[in-house]
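Listed below, chain by chain, are the residues.
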Amino acid sequence: GEDVEQSLFLSVREGDSSVINCTYTDSSSTYLYWYKQEPGAGLQLLTYIFSNMDMKQDQRLTVLLNKKDKHLSLRIADTQTGDSAIYFCAESNQAGTALIFGKGTTLSVSS
Amino acid sequence: NAGVTQTPKFRVLKTGQSMTLLCAQDMNHEYMYWYRQDPGMGLRLIHYSVGEGTTAKGEVPDGYNVSRLKKQNFLLGLESAAPSQTSVYFCASSYSLFTGELFFGEGSRLTVL
Numbered sequence: 628g629e630d631v632e633q634s635l636f637l638s639v640r641e642g643d644s645s646v647i648n649c650t651y652t653d654s655s656s657t658y659l660y661w662y663k664q665e666p667g668a669g670l671q672l673l674t675y676i677f678s679n680m681d682m683k684q685d686q687r688l689t690v691l692l693n694k695k696d697k698h699l700s701l702r703i704a705d706t707q708t709g710d711s712a713i714y715f716c717a718e719s720n721q722a723g724t725a726l727i728f729g730k731g732t733t734l735s736v737s738s
Numbered sequence: 005n006a007g008v009t010q011t012p013k014f015r016v017l018k019t020g021q022s023m024t025l026l027c028a029q030d031m032n033h034e035y036m037y038w039y040r041q042d043p044g045m046g047l048r049l050i051h052y053s054v055g056e057g058t059t060a061k062g063e064v065p066d067g068y069n070v071s072r073l074k075k076q077n078f079l080l081g082l083e084s085a086a087p088s089q090t091s092v093y094f095c096a097s098s099y100s101l102f103t104g105e106l107f108f109g110e111g112s113r114l115t116v117l
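Residue numbers (our numbering), protein chains in the order written: chain A, 628 to 738; chain B, 5 to 117.
Any given hint could be a false lead.
[Unchecked claim] Here are the computed lysine-lysine pairs in the DSBU-like style, where the Cα-Cα straight-line distance is at most 30 Å:
id, chain 1, residue 1, chain 2, residue 2
1, A, Lys663, B, Lys13
2, A, Lys694, B, Lys61
3, B, Lys75, A, Lys663
4, B, Lys75, A, Lys697
5, B, Lys61, A, Lys663
6, B, Lys13, B, Lys74
7, B, Lys74, B, Lys61
8, A, Lys663, A, Lys683
9, A, Lys683, A, Lys697
What the hints contain is simulated information worked out from the structure, not anything from laboratory work.
Given the structure is predicted, the values throughout are model-derived calculations rather than measurements.
Could you put together the complete structure from these sequences and hints?
Spelled out as structure tokens, the structure:
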């Protein structure tokens, strides 16, 4: 079945770049997604990338996709304390009817 | 604009008790989902629905039942609660899974003693 793997923790200093990595199993997923969860809240879609793209940039966010290795990464430039949150990688299930999420990476930003 | 509303936000149950979590969305979305979030386990899909009157099992459906009698509501039931069902439950809805944008509620924290 589908599986999405992420490292659990990342700690950076304010102003540095953060890179969160993810590996996935289902190569048929049309899109791959990054969601953000702030403390005490539900998840919100942060960005997504179409599976035939290698890179997508959106302001401070850069998503890189390596389809051959089934590896997805999210780079946050000039990381701020407000970026402290849990970041989830997600892909669609084989039926295309639901999203399968990774375990989430907790990003801690210190000033 | 309420979006996705979950009721209740907190609940404590004793083992063996039953309860229902209610999810309501006002965006006319076809797809609705129930996930549970546990430390170190991320989000796991319990059940989902692709339209009114339809439901399907996700990754961890055992011990839960769901109903989607009205398009805007998706109910998650626990018939006989167990301590292993202590978790934070999230409901989400989506207009189209093609875009992958799920709208989440704020979560319901359930403790089973």
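Given the hint that Lys74 (chain B) pairs with Lys61 (chain B), test it: the Cα-Cα distance must not exceed 30 Å.
holds (18 Å)
Distance restraint between Lys75 (chain B) and Lys697 (chain A), which requires alpha-carbon spacing of 30 Å or less
Violated - the C-alpha atoms of Lys697 (chain A) and Lys75 (chain B) are around 36 Å apart, more than 30 Å.
Assess, step by step, whether the Cα of Lys61 (chain B) is no farther than 30 Å from the Cα of Lys663 (chain A), and give holds or violated.
Satisfied, since the Cα-Cα distance of roughly 25 Å is no more than 30 Å.
Sort out whether Lys683 (chain A) lies within 30 Å of Lys663 (chain A), counting only the CA atoms.
Holds, because 17 Å separates the two Cα atoms, which is no more than 30 Å.
Straight-line alpha-carbon gap Lys694 (chain A) to Lys61 (chain B), limit 30 Å
Within the cut-off at roughly 29 Å; holds.
Pair hint Lys683 (chain A) and Lys697 (chain A), alpha-carbon separation not exceeding 30 Å:
The given pair, whose Cα atoms are some 16 Å apart, holds under the 30 Å limit.
Mind checking the alpha carbons of Lys13 (chain B) and Lys74 (chain B) for me, to see if they're no more than 30 Å apart?
holds (21 Å)
Given the hint that Lys663 (chain A) pairs with Lys13 (chain B), test it: the Cα-Cα distance must not exceed 30 Å.
holds (20 Å)
CA of Lys75 (chain B) to CA of Lys663 (chain A), is that 30 Å or under?
With Cα atoms ~27 Å apart, Lys75 (chain B) and Lys663 (chain A) stay inside 30 Å; holds.
Checked against the numbered hints listed earlier, the structure breaks hint 4 alone; every other hint is satisfied.
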